[in-house]
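**Q** Quick mapping for you: the protein sequence lines, in order, are chains Z and S. Just add 325 to the spot in the first sequence (first one is 1) and you have the numbering used here. Just add 1 to the spot in the second sequence (first one is 1) and you have the numbering used here.
Calculated from the structure, these hints are not laboratory results. Where a beta carbon is used, it is the ideal one built from N, C-alpha and C, also for glycine. It is possible that part of the hints are untrue.
Reference listing, derived: stretches of chain S covered by chain Z, where coverage requires no fewer than 3 residues with Cβ under 8 Å from a Cβ of chain Z [as the list claims (entries may be wrong)]:
hint, segment
1, 2–13
2, 33–39
3, 55–63
4, 66–74
5, 79–91
Sample of chain Z residues at the chain S side, in silico, Cβ under 10 Å [as the list claims (entries may be wrong)]:
hint, residue
6, His371
7, Arg458
8, Pro461
9, Arg463
10, Ser680
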Amino acid sequence: MGPGGMRFVDEYRDREKAQALAANIATLVEPGRRYGLMEICGGHTHTIYKHGIEDYLPEEVQLVHGPGCPVCVIPMGRVDDAIWIAEQEGVIMTSFGDLLRVPGARGSFLDAKARGADIQMVYSPLDSLRIARNNPDRRVVFMAIGFETTTPSTAMTVLRAAAEGLENFSVFCNHVTIIPALEAILASPDLHIDGFIGPGHVSTVIGCEPYRFIAEKYGRPFVVAGFEPLDILQAIQMLLLQLRDGRSEVENQYTRVVPWEGNQKALQAIDEVMEPRPTFEWRGLGWIPDSAMRIREKYARFDAERVFDVPAIRVADPPACQCGEVLRGMIKPWECKVFGTACTPETPIGTCMVSSEGACAAYYNFGRFTRLRVRQAGSA
Amino acid sequence: MCLGIPGEVLTLDVERPGMATVNVGGARRQVNVMLIEEDGVAPGDWVLIHVGFALAKIDEEEAQVTLSYLEEMGQAYRDELHALSESRID
Chain Z
326 MGPGGMRFVD
336 EYRDREKAQA
346 LAANIATLVE
356 PGRRYGLMEI
366 CGGHTHTIYK
376 HGIEDYLPEE
386 VQLVHGPGCP
396 VCVIPMGRVD
406 DAIWIAEQEG
416 VIMTSFGDLL
426 RVPGARGSFL
436 DAKARGADIQ
446 MVYSPLDSLR
456 IARNNPDRRV
466 VFMAIGFETT
476 TPSTAMTVLR
486 AAAEGLENFS
496 VFCNHVTIIP
506 ALEAILASPD
516 LHIDGFIGPG
526 HVSTVIGCEP
536 YRFIAEKYGR
546 PFVVAGFEPL
556 DILQAIQMLL
566 LQLRDGRSEV
576 ENQYTRVVPW
586 EGNQKALQAI
596 DEVMEPRPTF
606 EWRGLGWIPD
616 SAMRIREKYA
626 RFDAERVFDV
636 PAIRVADPPA
646 CQCGEVLRGM
656 IKPWECKVFG
666 TACTPETPIG
676 TCMVSSEGAC
686 AAYYNFGRFT
696 RLRVRQAGSA
Chain S
2 MCLGIPGEVL
12 TLDVERPGMA
22 TVNVGGARRQ
32 VNVMLIEEDG
42 VAPGDWVLIH
52 VGFALAKIDE
62 EEAQVTLSYL
72 EEMGQAYRDE
82 LHALSESRID
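Given the sequences, and given the hints that come with them, work out the whole structure.
**A** Now the structure itself:
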């Protein structure tokens with residue numbers, strides 16, 4: 326069956342099909358050779374743990390969880406900056422719900438709210454715009470985070486604010502871009518990644534072409550994948566086929582949603598409103614050149630970093646937290662010193678435990694009894 | 002935030018071009034459809050919605066596959082649907 330050929334819900338859940346794919350995957354693996362495959366997107370991490378995908382794979386195939394959870398990569402300093410903005414006179418800070426519990430050095434948005442800051446959860450940046458319209462005497466700030474999946478929405482909202490001539494709306498822009506992060510990972514000398522399971526939703530916007538350098542410059546196969554268990558197994562099969570044949574190409578398993586050329590209108594909206602920052606800090610990955618977006622000068626009055634005298638707080642990650650090593654695929658979540666003890670979804674120390682798509686939270690919620698059990702059985 | 006939620010376009014908003022009324026999880030919601038390429042959307046089309054914006058047209062079968070994936074996500078999807086139900090995009 327070719328990529329994108331599967332159609333109905335049941336087909337994606339069919340255990341026999343999964344086992345057939347698993348059997349084929351086993352034939353593609355050279356015994357004793359290690360295959361490190363990184364899934365970039367937190368949505369994939371979620372599916373892998375929820376459905377125990379690792380149990381279908383031979384021991385040689387190791388899934389490595391990448392940096393594609395935007396909540397997980399935001400550095401503490403940016404959270405502190407956002408809280409500083411939220412505590413300024415007359416400000417209403419608006420944020421996606423995902424971010425409310427993410428800890429900065431001075432606590433999270435929820436803590437700041439308890440201290441009296443006006444922080445409101447929104448579903449869309451357009452909701453923030455409505456709040457601004459309805460509160461002309463307040464300054465409404467949208468805490469913008471996310472990869473290219475959410476960046477177009479922020480850009481479109483700024484364009485709308487400009488068209489309406491709104492004067493009390495601005496964006497604290499923390500949008501990040503996936504390609505420089507992947508390049509940083511690929512350039513890291515201590516990393517052993519043989520292929521990539523590419524993100525589904527981000528690729529809807531940027532398309533498949535931007536990944537070509539991974540195949541051509543770094544010689545690693547790259548397969549954009551959907552979110553169903555069988556999508557991921559099929560993407561793994563496609564990666565292993567390339568590795569067996571000595572190929573490195575960009576392939577699209579998720580053709581039923583992702584067009585090769587991406588969404589040009591969304592890319593144009595981003596380019597109109599934003600430009601790359603010279604550098605941006607990622608939790609666990611450090612400073613990466615050109616890896617995030619900021620508002621262009623032309624739209625400066627909608628840029629919270631120009632409207633407010635943002636302190637640009639720098640905070641080192643907590644020493645006990647190993648999110649950085651998890652995000653670079655160097656350790657598994659359960660190998661972190663504080664995993665499941667001091668750091669749990671209820672009381673997260675690191676961002677990977679906050680988001681339901683973070684590798685640690687996904688592993689904590691679903692995965693800890695699969696390979697962990699195998700490992701314990703093996704060492705017993 | 003990262004979840005793409007499928008919705009079925011019910012009507013295009015004549016007074017506000019680029020907006021559409023969409024059935025999302027049984028509720029009628031306003032969604033921005035200006036980023037859909039080529040011919041745009043028509044009633045009956047399914048779209049994948051990210052934070053209030055339709056980013057891709059999908060077919061109904063893909064919509065059902067995605068919905069069942071989301072339902073299995075549990076709390077994260079319930080939170081997103083709740084946020085969406087509070088949303089008043091105009």
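**Q** Next step is simple, just say for each hint if it's right about the structure.
**A** Consistency of the hints with the structure:
no.	hint	in the structure
1	2–13	holds (count 4)
2	33–39	holds (count 5)
3	55–63	holds (count 6)
4	66–74	holds (count 6)
5	79–91	holds (count 9)
6	His371	holds, 7 Å
7	Arg458	holds, 9 Å
8	Pro461	violated, 16 Å
9	Arg463	violated, 17 Å
10	Ser680	holds, 8 Å
Hint compliance for this structure: hints 8 and 9 are not met, and every other hint is.
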